[in-house]
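Order-wise, the sequence lines are chains A and B.
Here our numbering is used: the first residue of the first sequence is 76, the next is one more, and so on.
Here our numbering is used: the first residue of the second sequence is -15, the next is one more, and so on.
Just so you know, these hints were derived from the structure itself, not from any lab.
Check before you lean on any hint, since a few could be wrong.
[What the hints assert, rightly or not] Where chain A lies over chain B, by a calculated footprint (3+ residues, C-beta under 8 Å):
id	region
1	169 to 175
2	195 to 201
3	236 to 244
4	250 to 260
[As the list claims (entries may be wrong)] DSS-like cross-link-like pairs, simulated, lysine-lysine; straight-line CA separation at most 30 Å:
id	chain 1	residue 1	chain 2	residue 2
5	B	LYS132	A	LYS108
6	B	LYS53	A	LYS280
7	B	LYS132	A	LYS253
8	A	LYS253	A	LYS207
9	B	LYS132	A	LYS361
10	B	LYS280	A	LYS280
11	A	LYS159	A	LYS207
12	A	LYS159	A	LYS371
13	A	LYS280	A	LYS253
[Unchecked claim] Which chain A residues face chain B? A few, computed with CB under 10 Å, are given here:
id	residue
14	SER132
15	LEU224
16	PRO233
17	LEU236
18	GLY239
19	SER269
20	ASN276
21	ALA297
22	LEU302
23	LEU324
24	ASP325
25	GLY337
26	ALA338
27	VAL339
28	ASN341
29	ARG353
For each residue, glycine too, the CB sits at the ideal point set by N, CA and C.
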Amino acid sequence: MTAATAQPRAGQPAVSIRSLSKSFTASTFLRRKQVPALRDIDLEMRQGEIVALVGESGSGKSTLARCLAILETPDSGEIRVHGKKINGLGGAAARRYRSDVQMIFQDPFGSLNPTFRVEHILQRALALHQPKLTSSRAEMVRLVTTVGLAPEVLGSFPHELSGGQRQRIAIARVLAAKPSVILADEPTSMLDVSVRIGVLNLLHKLRDEHGITILYVTHDLASARYLADRIAVLHEGRIVESGESVQLLDSPTHPYTRLLVGAVPNPDRDHSLDAQSRAALRQQIKDWSEGRNLRKRVINEEAQHWVLSDGSGA
Amino acid sequence: MSVPVLEIQDLTVEYVSDERAVTGADRVSFTIHPGEIFGLAGESGCGKSTIANSIMRLLKAPAQITNGKILFDGADVLSMNDSSLRSWRWNQVAMVFQSAMNSLNPVTRIGEQFIDVIRTHRGGSRASALQRARELLQMVHIDPTRLKSYPHQLSGGQRQRVVIAMACALNPRLLILDEPTTALDVVVQQEILEQIRELQQELGFAILFITHDMSLMLELSDHIGIMYGGRMVELAPADTLRHGPRHAYTQALLNAFPPLHGPRVKLTGLSEDTTFTDIQDLELVGDNHWVAPARKTTSALGESL
Ligand SMILES: Nc1ncnc2c1ncn2[C@@H]1O[C@H](COP(=O)(O)OP(=O)(O)OP(=O)(O)O)[C@@H](O)[C@H]1O
Ligand SMILES: Nc1ncnc2c1ncn2[C@@H]1O[C@H](COP(=O)(O)OP(=O)(O)OP(=O)(O)O)[C@@H](O)[C@H]1O
Ligand SMILES: [Mg+2]
Ligand SMILES: [Mg+2]
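Put together the whole structure using the sequences plus the hints.
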């Protein structure tokens, strides 16, 4: 673990987000309006915890990850990583932060320079993040082995590798920075289905063996349940429900979560929703989100399962 | 058993350029019966769209069909001339292309596009074509007033539904859907698939459904073919495939989708450096269940976790 930010301390959350909001200005033909992308987000992640952020396209998942990676500046709210505020971090402090909190992107094709061999790509990452290293060759071998590839891969160019192998190299490069937090934004959605699970297993292993905290951004509920300890469901920029993964999917409570769960392809055709129940859920979603007094209602204390609902009526 | 709508026999398609020849499909055979939903699955690049485009006779250079036969209601598709092809397409078989939501003409109102398709292929008056267009939009649960809209005024899911409705305009006997929902949210995807199923029950056409998503495939199809590297490696009724996949590649595909309920168990999928070579012809291994023997190799680049 680097001392990039503060040292992780026992009991202290690795990531702590409080009342985070962010909006974008959308210029339409006639006027400019503010589009809220994140609204009053609270989220805590323990060191070594995997949290999945799920929601439909445009719900704000990437924006949240990008705020954490200081690629985006929030309008208000606070983010702490290992207890230290990251708002307004700049210069050398920002560089140190970025090596401790690394992002993995969706596209393993675009993120590796095609003119360099894997060796060179990793070499550069090591020179940047671990300048004092004496034997970078040994370290590179260790890195590619960690991501499940053989040392021979070091001599290859990115285009000679499959999508899954490339994503593994992108992950090896991230590991060269010895991060304590990884933000993985749809890391498998561009990969072939048959190899996706391998990349998820790799992320899981990184958490188990290196204690890395992982934010897994996805729109795929089943993979979120497979990988993450906890799931946070994002709808129109708000976390509307969150809880331990298995518990949350066994008793989804917010109508939006229920709509998502009911839409997952299901060969048994047993909990599929019909058009009528979907329409009813949509109406409920509308009613719930328009509630005047939205607050977290705890459903299962032990599983940290709560839902955002109107506290005034019920 | 009924006469098949579609019969593909030993179809080989090559993409030939100066430097090299890529085999897009390699001696592929399968059959679709009237009213049946046939699913074609396999990883990216395995040849699914190549097959679909061959059936439609839409392959363009450098693609060449170098072997095999395509029979539609017993008639030889590969020997049809241009004018019979024109009346055969849309009337008998219609296709919704991969990325279909961008296939509408952006500067023409939806209604005009319907009228155009219907009158070109079946003739009749404007008024009757418009009436048909209204019915079709209603079938996919879009308000017929939307016929006045331009494509950009509809959401991606609505556009996709318009394209599917248009493909059904002339009651084809076979509808080809090439990844009709990949760009969509799960909720919209579910709605579209439901409508496809409804339309299929109402109009009774057969469907060739192409996807790489096995859970989707199993949910929708009656019969499934799995392709790998241009070859058909397993062919079986959906239930048989689901409960007893025999080819290692099919097993890997099925093992790549974590469940939403039940215990969390570790899945393996397919390791990235595993390849199958020497894929033989399909052999009958059970009731209607065909599997192609192949050699499984693991390269030196490392193993999956
Ligand atoms: N740079 C930007 N300028 C204007 N609006 C933006 C910008 N980035 C994001 N948005 C808007 O903010 C909202 C949230 O976008 P975000 O990319 O976080 O969604 P997402 O959940 O990651 O979606 P997807 O699953 O499609 O990646 C959307 O309405 C989007 O249009
Ligand atoms: N125009 C072309 N020129 C050369 N090769 C091509 C061409 N079109 C396809 N191919 C090759 O033919 C093979 C099969 O391609 P095809 O598009 O049929 O795959 P697919 O199964 O539809 O994949 P996807 O799931 O990505 O759509 C691939 O190896 C592809 O690279
Ligand atoms: Mg995103
Ligand atoms: Mg294709």
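Okay, the hints, checked on the actual structure:
| no. | hint | in the structure |
| --- | --- | --- |
| 1 | 169 to 175 | holds (count 6) |
| 2 | 195 to 201 | holds (count 5) |
| 3 | 236 to 244 | holds (count 8) |
| 4 | 250 to 260 | holds (count 8) |
| 5 | B:LYS132 / A:LYS108 | holds, 28 Å |
| 6 | B:LYS53 / A:LYS280 | violated, 49 Å |
| 7 | B:LYS132 / A:LYS253 | violated, 57 Å |
| 8 | A:LYS253 / A:LYS207 | holds, 13 Å |
| 9 | B:LYS132 / A:LYS361 | holds, 28 Å |
| 10 | B:LYS280 / A:LYS280 | holds, 26 Å |
| 11 | A:LYS159 / A:LYS207 | holds, 26 Å |
| 12 | A:LYS159 / A:LYS371 | holds, 26 Å |
| 13 | A:LYS280 / A:LYS253 | holds, 15 Å |
| 14 | SER132 | holds, 6 Å |
| 15 | LEU224 | holds, 4 Å |
| 16 | PRO233 | violated, 13 Å |
| 17 | LEU236 | holds, 8 Å |
| 18 | GLY239 | holds, 4 Å |
| 19 | SER269 | holds, 4 Å |
| 20 | ASN276 | holds, 5 Å |
| 21 | ALA297 | holds, 5 Å |
| 22 | LEU302 | holds, 8 Å |
| 23 | LEU324 | holds, 6 Å |
| 24 | ASP325 | holds, 7 Å |
| 25 | GLY337 | holds, 8 Å |
| 26 | ALA338 | holds, 4 Å |
| 27 | VAL339 | holds, 6 Å |
| 28 | ASN341 | holds, 6 Å |
| 29 | ARG353 | holds, 7 Å |
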